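Listed in order, the protein sequences are those of chains L and V. If you count the first sequence from 1, position 104 lands on 268 in the working numbering, and the numbers rise without skipping. If you count the second sequence from 1, position 44 lands on 208 in the working numbering, and the numbers rise without skipping.
Think of the hints as simulated: they come from the structure by calculation, not from any bench. There are no misleading hints in this set.
A few chain V residues that face chain L, going by a derived Cβ cut-off under 7 Å, partial list only:
| id | residue |
| --- | --- |
| 1 | Pro216 |
| 2 | Lys308 |
| 3 | Val310 |
| 4 | Leu314 |
| 5 | Cys317 |
| 6 | Leu328 |
| 7 | Phe332 |
| 8 | Leu343 |
| 9 | Gln347 |
Keep in mind it's a predicted model, so treat the numbers as computed, not measured. Backbone N, C-alpha and C define an ideal beta-carbon position, used for all residues, glycine too.
There are 2 protein chains.
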Amino acid sequence: KLKMLYSDLVILTQKPCHTSKKKANVRVMIELSTTPVHRRDLLVKLTDDTDPYFLFTLPISEEDFQSLKVQQGLLIDFASFPQKFIDLLNLCNLEQDSDNPRFLLHLTCQSTMVEGCATFSIVETNAFKHLNHLSLRLIQGSEKEVKEYLAACLASLKAEKQALDRKFKETEDDLCRQLSYTQQ
Amino acid sequence: KLKMLYSDLVILTQKPCHTSKKKANVRVMIELSTTPVHRRDLLVKLTDDTDPYFLFTLPISEEDFQSLKVQQGLLIDFASFPQKFIDLLNLCNLEQDSDNPRFLLHLTCQSTMVEGCATFSIVETNAFKHLNHLSLRLIQGSEKEVKEYLAACLASLKAEKQALDRKFKETEDDLCRQLSYTQQ
Chain L
165 KLKMLYSDLV ILTQKPCHTS KKKANVRVMI ELSTTPVHRR DLLVKLTDDT DPYFLFTLPI
225 SEEDFQSLKV QQGLLIDFAS FPQKFIDLLN LCNLEQDSDN PRFLLHLTCQ STMVEGCATF
285 SIVETNAFKH LNHLSLRLIQ GSEKEVKEYL AACLASLKAE KQALDRKFKE TEDDLCRQLS
345 YTQQ
Chain V
165 KLKMLYSDLV ILTQKPCHTS KKKANVRVMI ELSTTPVHRR DLLVKLTDDT DPYFLFTLPI
225 SEEDFQSLKV QQGLLIDFAS FPQKFIDLLN LCNLEQDSDN PRFLLHLTCQ STMVEGCATF
285 SIVETNAFKH LNHLSLRLIQ GSEKEVKEYL AACLASLKAE KQALDRKFKE TEDDLCRQLS
345 YTQQ
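Bound-form chain L, shown alone (with noise of 0.2 Å):
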């Protein structure tokens, strides 16, 4: 069973992985799976509408979780690290038009590696430094895993084009039939 927790666009003010732009409209989602023996999983995942091979993903094990709880010196437990999380990305989203925003998104690769890994990060500014909230290394997503992605999103923009085609026809529909006892 797979739960869409968060999917939302985000501005990343460094993404010198692919382009040369210093900003970047890229989008986050974070899915929860859970097994049938109630193993729990994230799974981060950023892509770009604009760069179909754009794809950088994590997942989270609880296991995993723990590891990263040491390294970067959470408090939290598993359980309530998604929605954490989500409150980091909406403070970022809500400052995204500010022109001096607190918290920012960085996307950083590895300058050594053309291509791999990335490190995607929630930084508060202040008046004293910078704060690293969360920082987590995303894989770039292989061939494999692009073919995949690409194959989702052709099957639901398909799905969409014909809920569009269908409504774009009724409303078509409605509004001749409308104006024709209205001519009468």
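Fit chain V to the given chain L structure using the hints.
Using the frame of chain L, we list chain V on its own:
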């Protein structure tokens, strides 16, 4: 420079490769690319609108065509090959609703391979025997090729959806205007 010579849905009577279905609608595309040095290459492409991962291709250069010509006893040259190929495909398409079609398209996969090649043939059946008009050995798209193919599909579907969206809004506006005018 790329020129699409043919793109149409055809019915394959044998497609045991990926499905258990006996008949399958498959899109056949023939593209001609011309390079600055006047090199011409043909690309034969088979895709399936219902299966995003289905991609078989065969690039045919002038040299490739020479061996194909010898192998299959063709009497035409490279320049007239595309049109002859299209004529055969059209013959198949004309008869696809017939109960007893004379021309059929076959796609057979090597049973010993999970992935790899498939032979695409145009077969005429007369009272005496099956006549093989053309047999092309297509290569299954790699992860990278399928990825690129899906990205192209996604881009064109996005454009189609945007055009539909615009047309919907225009039609709706236009009809609403007419309606409010007649109601006055």
